[in-house]
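Novice: Got chain E; can you put chains S, C and V on it based on the hints?
Protein chains: 4
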Amino acid sequence: MGNSFGRIFRISTFGESHGKGLGVVIDGCPAGLEIDEDFIWQEMQRRKPGQSKITTQRKEEDEFQILSGVFEGKSTGTPIGIVIMNTDQKSKDYSHIADKFRPSHADYTYFEKYGIRDYRGGGRSSARETAARVAAGAIAKMMLRHFGISVQAYVSQVGDLRLDKTYQELNLEHTEENIVRCPDGEMAEQMIAYIDEVRKSRDTVGGIVSCVAKGVPPGLGEPVFDRLHAEIGKAMLSINAVKGFEYGSGFEGVKMRGSDHNDAFYREGDLVKTKTNHSGGIQGGISNGQDIYFNVAFKPVATIMQDQESVNELGESVTVSGKGRHDPCVVPRAVPIVEAMCALVLADYLLISRTNKL
Amino acid sequence: MGNSFGRIFRISTFGESHGKGLGVVIDGCPAGLEIDEDFIWQEMQRRKPGQSKITTQRKEEDEFQILSGVFEGKSTGTPIGIVIMNTDQKSKDYSHIADKFRPSHADYTYFEKYGIRDYRGGGRSSARETAARVAAGAIAKMMLRHFGISVQAYVSQVGDLRLDKTYQELNLEHTEENIVRCPDGEMAEQMIAYIDEVRKSRDTVGGIVSCVAKGVPPGLGEPVFDRLHAEIGKAMLSINAVKGFEYGSGFEGVKMRGSDHNDAFYREGDLVKTKTNHSGGIQGGISNGQDIYFNVAFKPVATIMQDQESVNELGESVTVSGKGRHDPCVVPRAVPIVEAMCALVLADYLLISRTNKL
Amino acid sequence: MGNSFGRIFRISTFGESHGKGLGVVIDGCPAGLEIDEDFIWQEMQRRKPGQSKITTQRKEEDEFQILSGVFEGKSTGTPIGIVIMNTDQKSKDYSHIADKFRPSHADYTYFEKYGIRDYRGGGRSSARETAARVAAGAIAKMMLRHFGISVQAYVSQVGDLRLDKTYQELNLEHTEENIVRCPDGEMAEQMIAYIDEVRKSRDTVGGIVSCVAKGVPPGLGEPVFDRLHAEIGKAMLSINAVKGFEYGSGFEGVKMRGSDHNDAFYREGDLVKTKTNHSGGIQGGISNGQDIYFNVAFKPVATIMQDQESVNELGESVTVSGKGRHDPCVVPRAVPIVEAMCALVLADYLLISRTNKL
Amino acid sequence: MGNSFGRIFRISTFGESHGKGLGVVIDGCPAGLEIDEDFIWQEMQRRKPGQSKITTQRKEEDEFQILSGVFEGKSTGTPIGIVIMNTDQKSKDYSHIADKFRPSHADYTYFEKYGIRDYRGGGRSSARETAARVAAGAIAKMMLRHFGISVQAYVSQVGDLRLDKTYQELNLEHTEENIVRCPDGEMAEQMIAYIDEVRKSRDTVGGIVSCVAKGVPPGLGEPVFDRLHAEIGKAMLSINAVKGFEYGSGFEGVKMRGSDHNDAFYREGDLVKTKTNHSGGIQGGISNGQDIYFNVAFKPVATIMQDQESVNELGESVTVSGKGRHDPCVVPRAVPIVEAMCALVLADYLLISRTNKL
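Protein chains in written order, with the numbering used here: chain E, 1 to 358; chain S, 1 to 358; chain C, 1 to 358; chain V, 1 to 358.
Only chain E is shown next, with the shape it has when bound in the complex:
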C-alpha cells in the first residue's frame, strides 16, 4: 500500500533505484489534453542527477516512454503509463552495505517492516523514485497551464543561509539561471559556495524550498479532512528527506495577534481580494483566489562520505563507510519535485471541485 496519490487525477508509482525500471500510471487525467513530451523531458532534466557540481555526479539518463493513454498527441482519458528503464542497474557492488543499516536511512525500517529489502542504492526508498513523480507532475502542470495556473518553486534557504525576501520581492524567472535554483543571484552564489564547502568536508546540509501557485481559482479544497493545504502538506511530506511544511504565515504566524494576522477583504473590479495574505491563499481549507505559498524543510542528506557507527541485521556493531556519488544538499534538485507534487494536488482538486455544486 501507499504507492498511489490523488483521488480523481491519481498516480501510482513503482520501481527501485537499481531494479530494471520504474514508472508511473496516471489514472484520471482528463481527455483532450495536449501532451508535450519535450516538456516532460525538460522537467526530468531539472531533477536528474549530475546536472551541476553541487549535485551528485551520478549519471542517470532518465529516458522515459509513454506506453499508453495518449493518442495523436492528446490524452484519451485512459490511464497514461510511463516507464523509465534503469540502464546501469547491474553495474554496482552493494555488498558493503547489504546487511548494514545506514544511519538515518530507511534500511532498518524497511527491514523491520518487510523482513526483506532491496539494498541496492536504497531500493524503493531511494530518491530515484521521484523521477516518476516529476514525469506525472509535468502532465499535471500542462493541465494547470490550460486553466491559467502556474506553480513555481525555488530554494530559499541552505543551512543557515536564508533568503530574507518574500516571493513577491523576487523575480522567479531567475530561478533557473543558477545551479542552486535561488532566484536571488547574490544569495545563490553564497549558497553554491557553501554547498561546495560542505561537499569538500565530506558532509551534507539541509535547506528549504519555497513554492508559490498563482491563478488558482477560489473553491479548491475538500474540508474537513482533505483541506487543500492538508493535501499539499501531505504531498510535500511524502518527498524524501522532508521534515516540515508550513503555508501562509506558517510557524512565524503563531506569534502574531489576530488583528494583525487577519486578511481584510476588499473588492477590485469584479474580484474579491484580500489586502494581506497571511492565509496563504487558503481559508478553511479552500482556496480563496489569492496566491498559495508554502515552505518545505529538507534535512541534510543522510549519506555522508564519513565513517559512521551502526549495527547490521544481526544486531552487531559495524562501521558504515560513505561511498559513491551523492548530493551534498538535496534542495536544488528538490525544486522540480516540489512543483510536481503541488501540481498533482491542484490538478486533482480542480477536477474534484467540478462536483461541488448541483
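I should point out that these hints are in silico values taken from the structure, not numbers from a laboratory. Be careful, since some hints might not be right.
Chain copies aren't distinguished; within one or between two, either way the pair holds.
[As the list claims (entries may be wrong)] Lysine to any residue pairs mimicking SDA-like chemistry, simulated, CA-CA at most 20 angstroms apart:
(1) Lys-357 to Arg-7
(2) Lys-20 to Glu-309
(3) Lys-20 to Ile-66
(4) Lys-357 to Pro-217
(5) Lys-20 to Asp-62
(6) Lys-20 to Gln-65
(7) Lys-74 to Gly-148
(8) Lys-273 to Arg-202
Specialist: For chains S, C and V alone, coordinates are given in the frame of chain E:
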C-alpha cells in the same frame, strides 16, 4: 467529499456548529476492544468550550451517544456510530453576519465553493466539528493503549512565549495540571497571563502544540506516499487554524550537517536503538521504534472582538463587528484534538502493517 | 471496513437491528439540491416492515432525523447525517438464539470473523440496515430527478411465478398499486396468493426484482474495473439475500448469436440510438443513452417458522426454532432498496463523469 | 478513474490494444512471497490469442517483464510493476473503422465520454487489457496457494450446450485437456464442434464460465457493502463481455423454499460444516469455509464477420464490415481471466481479514 479519514480504521464525520447535531462513524475498529465510555467523556471534556477563563465561555454540553458497533461493552467490528446533539442550536441570532464574509474565516471560500453556506456559527467550518474527532480519537487511544502505545500533547508556545525544553526534559504528567496545558508550571503561568492580557485587548494570539507518541513499534508507515509522518502531517493540517507541521529536527534541522543530524544505531539488549533521535522516530516514512515527536503551529483565532473591514456577498464594503464568546488562543483546547488525530493515524497504520508480510 | 459505498457521492452506514439506532452519512452530495423530507419519508414507508399481510408484521417506525448538511431546505455540500433511532430495542428476548448459529444466516460467519457478535435480531447483518440505504437513496433520486433520470423497480418473479413481459410491455405506474409490487395486476394476484400460501406453510420463497433506469445520458461508467454495470452489480449483490445479477440480455444472452445480439446504431434527430437493446444501455462499461435494465435474484428468506438442525458456538448439535415475525418473501420490500442502490450508483457516476474531459 | 482494483492487494492497469505497451502495478503484495515467473508465463499462455482453432488466430506474444518489487526471487512489499510491450502495434490499418461506431462495441460510448478515442483495435476497451489482469492474478494465485487456497474455472455452457453437472460431479483436473476448457470430455467435443460451426458461419456465440474456490477460510468479506460475493461479482462484471453473475444457488435458487434452501450446520471433527451448500460458501457476505462457486455469463463477441448497419461520428448511416481475426466464442480464453479476478479478490480480502480482530 473530504469528510472521511483513514483507510482501515476510518472515520467519517458530519455536522455543523448550529445544526441539529454532529457525529462520527468509525468503520474498521477491530472487534473485541473494550469501550470505556467514561474515557470518551473525559477526552471530550478536555476539548469542550467553557472549561477555563482562557477559553471561550460558550457552553456546549457535548453529550454523546454510541448508537452502534458496541455490544456488552466491546466493539463488535461493525461501524461505531456516535452522535452529539446540539442542544441550543436555535438560540442564536446570526443575521449580523449572514451575508458578510468575516476576515480569515471560511465564509468567503465556502460561499465560492458551494454557492450556499450555513452561516450560523461558521457551519461546517466551525471547530465544533472537532468534537467528533475527539470522540473517535478516544477509541483509537483505547486501542493503542492495548498495544502499549501512548500519545501525549502539550502546549509549547503561545505567541512569543516559547518553552525551550524538549519533551524529554519535561514531565508530561503535569500537562493537565494547569489550564493552558503546558507541563512546565512556570511557563504555564506566563502563558496564562499573556492569553488573559490578549483577551482583555479584545484580540487573539497563536501558539504551538507539541506531541509525542511512545511505544510505537517499528514498521508503521506506507511509503512512498503514505509515509507515517506524511499522514500525521495531513491529520494535523486538517485541524482548524493549523498553519504548519514539523517532526523530529523539523525546520531547525535544515541548518544541521548530516554528520550531526544522522542518528547512529546501537544495540541495547534485543533492541536496536538510535543514540540521537533527529529522525523523530520515523525513517524513510516508517516508524523505527523510537519516540515520534512533532510540532503543530496554530494561527491566532480569526474571530476578534474588534471592528474589521470586509465585503458582503454582493461585494459591497461592510464592517464586521466581533460578537459572542470566542477563544483568545486556541492551543489549550487543541491539545486533545492533536492527540486524537495522531491516535487515529497510528491505529490505522498499526492495522495496515499486519498486511505487510506474507 | 466495508460500510461505505461510492466515490464522490459516498455513503457510510452504521447500526444494528436492535442497537440504539442506525444511520447514514452522505458525503459529496452536491450543494444546492432541494431536499424533500416528505419524499424520503415515503421511500422509507415503501421499505418498512408491517405494510401488508405478505410482509413481516413487525413494527418499525423508521422515524428519521436529518442532523446536518441541509440548510434552509437545500443541501450545502457538507455531509448529510441522518439517524433513525430504534424505538423498541430492549423489548425482545433473543436468549434462545444467543449462542446458536441459525442456518443460512450470518451468525456463524460473523462469529468466525469477529469472535463476537450482536445476536439480537441479526445485529448488523439484519436487513434493518437497508433503512439507511433507502434514506440515502431517496436523496440520490432527488438529484437524478433534477437531471431527468428516473429509476423504477418492480417484482418480476416469485418462486416459479415469472412475469413473461419485458419492462416495455408493462406500465410501471401500476407497480405501487398492489402489495407485491408487480405492475401486472393479474400476476400480482397470483404472486400474493402464492406468498400467502408459503407463509401459512411456515416457509419462505425467493424472487426476482427487475429495475429500469431511464434518461441516463451517455458517458457514465469508469472502465476498466469500475464499469457502470459492475458497480451496479456490486450495489445489488451488497443487498441482503441477493444471489445473482444480470443486465441487458443477461444469462439468456449467452445462447444468442452475435448477429442477433448486436444492437444496430441509427440516428433519430440529433440522437444516436440502437434498434435493439440487448446491451442494456451499457457498452464497454459506459452508458450509451438507452434504457438501463437489470434483474436481481433474491433467495428465500433464511428465517422459517420450522425447527432446523444446527450447531452452537461450542460446536454442539442444537435445534433452532423459528420465532418472531418475518417476511415469507423479501422481494416486495426489496423494490425500494434496489431502486435506492441503483440511484446511488448513478448519482455517483454522474458526478464523476464531469471530470472526464478537459 | 476506474483502472484500479482492490484495497490492500491493489492493482492498477494501463494500456491499449495497439499502443506501445500495457501493464500493471501491484501495490500491497505482502513481502516474502516467492515469485515464480514461469507460472506467470503459463497463465498468460492460457489467455493469449492464437492458441487453438476455436480462438482468434491473432498472434500476441505477451512477453512480460517484471520491473520492480521482486528481489532475489521474492516479493519485497514494494509495488510490483509489470510491462508487456506490444510488438506489432504499427502493423494494422484501422482506417476503415476510424470514425465508425461498431455495433455493441465501446466505440460510441468512449467517444461520447471522452470526446476522443484510440480506435486501433478497440483501444482501451479491447480484451487485450486482460493480459495485465492475468499477470497480476498469477501472483495472487501464488499467494493463495501459500495459504492452501485454489481457484479453478471451466467452461460450463456454450450457446445452448449446457453442462448439466455440478462442479462436484466433475474432475476439474481435465479442464486443460481440451481447447474449450470444459472438464467433461464428451461435452467438450460438442462445444468445440459447435464453436467451429459458428465460426464458419462468420458469427459468434456466448457462454458461461463456472468457477470454484476451495480452501477459503471462514471470515473473508467486509459487509455491508463489500460483501465477499459483491466484490467477486464486481470483479467478474468488470471483464469484457460479461452480462451476469450468480453464486451458490443463484437465479435458480429463487424458486426454492427456505426449508430446502437453508444449509444445515453440523460438526465434523473440529470443523463446522454445512450439509448442503446453496449459500455458495458465503453467508451474510462472509466466507463460511465451504467451497465458493459461481457462474459468469458472457455475451456473444460483438465482432462478427458480417456487414452491419451503424452510424459514424457525424451521425451518418454507414456499413461496418467484419475484418481481422477474432474469437467466435470468448469463454475458452476467459477461463484464466475469471480465475485471475477471483484470486485477486480473495488475496485482497484475506489480507483485510487480518485487521478484523483486536
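Novice: Take the hints in turn and mark each one as holding or not.
Specialist: Tested hints:
| no. | hint | result |
| --- | --- | --- |
| 1 | Lys-357 to Arg-7 | both (18 angstroms within a copy, 16 angstroms between copies) |
| 2 | Lys-20 to Glu-309 | neither (32 angstroms within a copy, 48 angstroms between copies) |
| 3 | Lys-20 to Ile-66 | both (17 angstroms within a copy, 8 angstroms between copies) |
| 4 | Lys-357 to Pro-217 | both (15 angstroms within a copy, 19 angstroms between copies) |
| 5 | Lys-20 to Asp-62 | both (13 angstroms within a copy, 18 angstroms between copies) |
| 6 | Lys-20 to Gln-65 | both (14 angstroms within a copy, 9 angstroms between copies) |
| 7 | Lys-74 to Gly-148 | within (19 angstroms within a copy, 33 angstroms between copies) |
| 8 | Lys-273 to Arg-202 | neither (49 angstroms within a copy, 25 angstroms between copies) |
In the structure shown, a violation is registered for the earlier hints numbered 2, 8, in ascending order.
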